[in-house]
Amino acid sequence: EPEVTQTPSHQVTQMGQEVILRCVPISNHLYFYWYRQILGQKVEFLVSFYNNEISEKSEIFDDQFSVERPDGSNFTLKIRSTKLEDSAMYFCASRLTDYNSPLHFGNGTRLTVT
Amino acid sequence: KNQVEQSPQSLIILEGKNCTLQCNYTVSPFSNLRWYKQDTGRGPVSLTIMTFSENTKSNGRYTATLDADTKQSSLHITASQLSDSASYICVVSPRWTSNSGYALNFGKGTSLLVTP
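In order, the protein sequence lines correspond to chains S and C.
Numbering follows our numbering, with no gaps: position 67 of the first sequence is 67.
Numbering follows our numbering, with no gaps: position 74 of the second sequence is 1074.
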């Protein structure tokens, strides 16, 4: 069964550094998302992306964050200047077209900011 | 503010037993409610999706119910197995005019441990 893949599985970076988290959504999906989950807390929405542009973003997704779909397969989340509080598990997700269709999540990238 | 509250926070049951997890929400207007299973260190996996017009949905040993009037849902697990040990997350979608927005409201999850 096709799946969403994320790399790397674990990223350690120093505060102030830029990081890029990478995702390959399921190939025929049209809607792409990033979520994060701070350890012990609930999953939080960051941003949704459709038709090569951001369709919605949360208040967490400030100017330090950006997303890109540089080619037909990759979907990236960039954090320009990481903060300690950015340490979390970041999940990429995708879905087909129907609003009631399931979201398919990747297994996440654990970001640790030191 | 849209809220999704789950109970219990954690649960331990013996293998083979049944259990029921609860979800109360205040999301309005409401589009659909989903239950996800999240194994430790993995991404959530969809178990069921119910629209506001559906009362029950089954997926193998998992049965979800929905009462849109009282804004309550439950997930019943039958004949539990050791592999059912995971976090079970209730996720509620608000009704949007745009199809692309997907600011799902996640609950904190119920951590289920099935013991031999």
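Simulated from the structure, these hints should not be mistaken for lab results.
Glycine is no exception: its CB is placed at the ideal position from the N, C-alpha and C atoms.
One or more hints might be untrue.
Label-pair ranges, simulated between beta-carbon atoms [stated by the list, open to error]:
#1 C/Ala1068 <-> S/Asp62: 32 to 40 angstroms
#2 S/Asp62 <-> C/Gln1022: 40 to 48 angstroms
#3 C/Gln1003 <-> S/Gly40: 13 to 21 angstroms
#4 S/Asp62 <-> C/Thr1056: 14 to 22 angstroms
#5 C/Thr1040 <-> S/Glu1: 17 to 25 angstroms
Quick rundown of the hints versus the structure:
no. : hint                                      : result
1   : C/Ala1068 <-> S/Asp62: 32 to 40 angstroms : holds (35 angstroms)
2   : S/Asp62 <-> C/Gln1022: 40 to 48 angstroms : violated (34 angstroms)
3   : C/Gln1003 <-> S/Gly40: 13 to 21 angstroms : holds (18 angstroms)
4   : S/Asp62 <-> C/Thr1056: 14 to 22 angstroms : violated (41 angstroms)
5   : C/Thr1040 <-> S/Glu1: 17 to 25 angstroms  : holds (21 angstroms)
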